[in-house]
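Enquirer: Protein chains in written order, with my numbering: chain A, 559 to 738; chain B, 1415 to 1734.
Calculated from the structure, these hints are not laboratory results. Note that the structure is predicted; figures quoted are calculated from it, not measured. One or more hints might be untrue.
Cβ-Cβ distance ranges computed for the label pairs, FRET-style [unchecked claim]:
| # | chain 1 | residue 1 | chain 2 | residue 2 | range |
| --- | --- | --- | --- | --- | --- |
| 1 | B | 1431 | A | 715 | 36 to 44 Å |
| 2 | A | 633 | B | 1439 | 19 to 27 Å |
| 3 | B | 1493 | A | 710 | 54 to 62 Å |
| 4 | A | 728 | B | 1486 | 34 to 42 Å |
| 5 | A | 650 | B | 1570 | 32 to 40 Å |
| 6 | B | 1565 | A | 571 | 40 to 48 Å |
| 7 | A | 728 | B | 1616 | 51 to 59 Å |
| 8 | B | 1626 | A | 728 | 49 to 57 Å |
Glycine is no exception: its CB is placed at the ideal position from the N, C-alpha and C atoms.
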Amino acid sequence: MSRPDRTIILDARALSRALQRMAVEVLELAHGTDRLVLIGIQRRGVELADRIARLIEKDAAVVPRGALDITLYRDDLETVGPKPVIGETRIPGDLAGKHVVIVDDVLYTGRTVRAALDELADFGRPERISLCVLVDRGGRELPIQPDIVGTKVKVSDGERVDVLVEELDGRDEVDLVRTR
Amino acid sequence: MTAALGKDLVGLERLSPDQIRLILDTAEPFKEVSERPIKKVPALRGKTIVNLFFEASTRTRISFEFAEKRLSADTVNVAASGSAVQKGETLVDTARNLEAMRIDMVVIRHPSSGAAEFLGNRIRSNVVSAGDGKHEHPTQALLDLLTIRDKHGKIAGLRVCLVGDVLHSRVARSNIWGLSKLGAEVGVCGPDTLMPRGIEDLGVCRFRRIEEAIEWADVLNVLRLQLERMEMGFIPSVREYYRVFGVTLERLEKASRPLTIMHPGPMNRGVEIDSRVADGPHSVILDQVTNGVAVRMAVLYLLAGGRPELADAAKRGGTE
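I would like the entire structure built from these sequences, with the hints used as guidance.
Expert: Structural data, given as structure tokens:
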């Protein structure tokens, strides 16, 4: 399975355990589901938010969830070569008074989260916004920190983190990939 | 991802099917932006766009302006009347003077065919055609394509008939290119005097009777009959035109299945189209207008920026 340029950080079982733990932490952080809204960042954050929501729903009420595509809020649109295909943005109802938990696969520079915060602000004024990521790979360029982390990975120059999810990639796995 | 649009959009004739699909797919998420409480995204913040209209236009100009504003671009409208154009300035001089004020894009409507391409070849800014002479009206055809795709879930294999003054219509020309590139069958129907010679060479079916067109088509795109055509002798009278070619409820009711009805506007009710048809359950005329904003946002977004030298510099690790 694992070629020399691809090291598995989390296999399917470890990823499932990580999500389970993250779901518990989300519930604790939000003090239950009353005001909780999970918003996944396109694309894999949406799948992860959905998984976490379903885990919470096993023993609690239905969790409203949404999707956010931050492409149009990027600070580097000038520099992206071919324009990225824009995914769906879907916000469940009014965010006022809600505790929004942003879910993404990998936290790196923090620029995606910065864009997501700007975009959410255009949809309303949540009471609180938290950040939940599957992988924190370090390398921040902005003062942004996650509230809930699945796993931390030290990533060197010339390496990349790939998050694979069943729904899009056919299997659940987190890999460290050597790019050169 | 490989189907970038290049610098200008002057027509659909030279776009590949993939490029057309890219625009339609990009328009999809922009529809949602117009439904937000704050109908605006910062994608084109700091870009300056000039809407240079040498012909009267309400719908197209407003649609472009909404698209620009919802992308956070700064916009200026220049109309031919009341500008230096009236004092004899050439098109290129007008555009170069605007460029000297550091603009990024020009949306141009012009009575001469080829004006948009002519301008695009002479200035650095991106140029988007909002209709040039009898040549093309690319964003109108793109919004028509998007509306057809929304309604039918596909374009390939559908039969779309353009009804009316095909001879003078840039909307018809752009539609013929776009529809055939995406695999639709295209028909045309109208009086002989308003049909370009050799139209069949573009691969379209020619219908001489509206009843035949209705029996054949899944979609009718009813073109506006410009009333000055009557004075110029192309048609005997407006009433005669309506009697022979008008898209009426009675005619549509004879068809074996309901047809989707489109019109690029502004409509002449009771001339090319029956009011009961325009306002009927199968009319998507107002959906076309809604989609127009999304399609224009997509075009502006895809053309703007994209400086390749910066793209390379930005490619440093991370899937973020």
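Enquirer: It remains to establish, for every hint, whether it holds in the given structure.
Expert: Hints and how they fare:
A hinted range of 36 to 44 Å for the beta carbons of residue 1431 (chain B) and residue 715 (chain A) is consistent with their spacing of about 41 Å. A hinted range of 19 to 27 Å holds for the C-beta pair residue 633 (chain A) and residue 1439 (chain B), which are about 24 Å apart. Checking the proposed 54 to 62 Å range against residue 1493 (chain B) and residue 710 (chain A) shows it holds: the Cβ atoms sit about 59 Å from each other. Taking 34 to 42 Å as the suggested C-beta distance range, the pair residue 728 (chain A) and residue 1486 (chain B) conforms, at roughly 38 Å.
At roughly 35 Å, the beta-carbon separation of residue 650 (chain A) and residue 1570 (chain B) lies within the given 32 to 40 Å, and the hint holds. Checking the proposed 40 to 48 Å range against residue 1565 (chain B) and residue 571 (chain A) shows it holds: the Cβ atoms sit about 46 Å from each other. At about 44 Å, the beta-carbon gap between residue 728 (chain A) and residue 1616 (chain B) misses the expected band of 51 to 59 Å. Between residue 1626 (chain B) and residue 728 (chain A) the Cβ separation comes to about 51 Å, which falls inside the hinted range of 49 to 57 Å.
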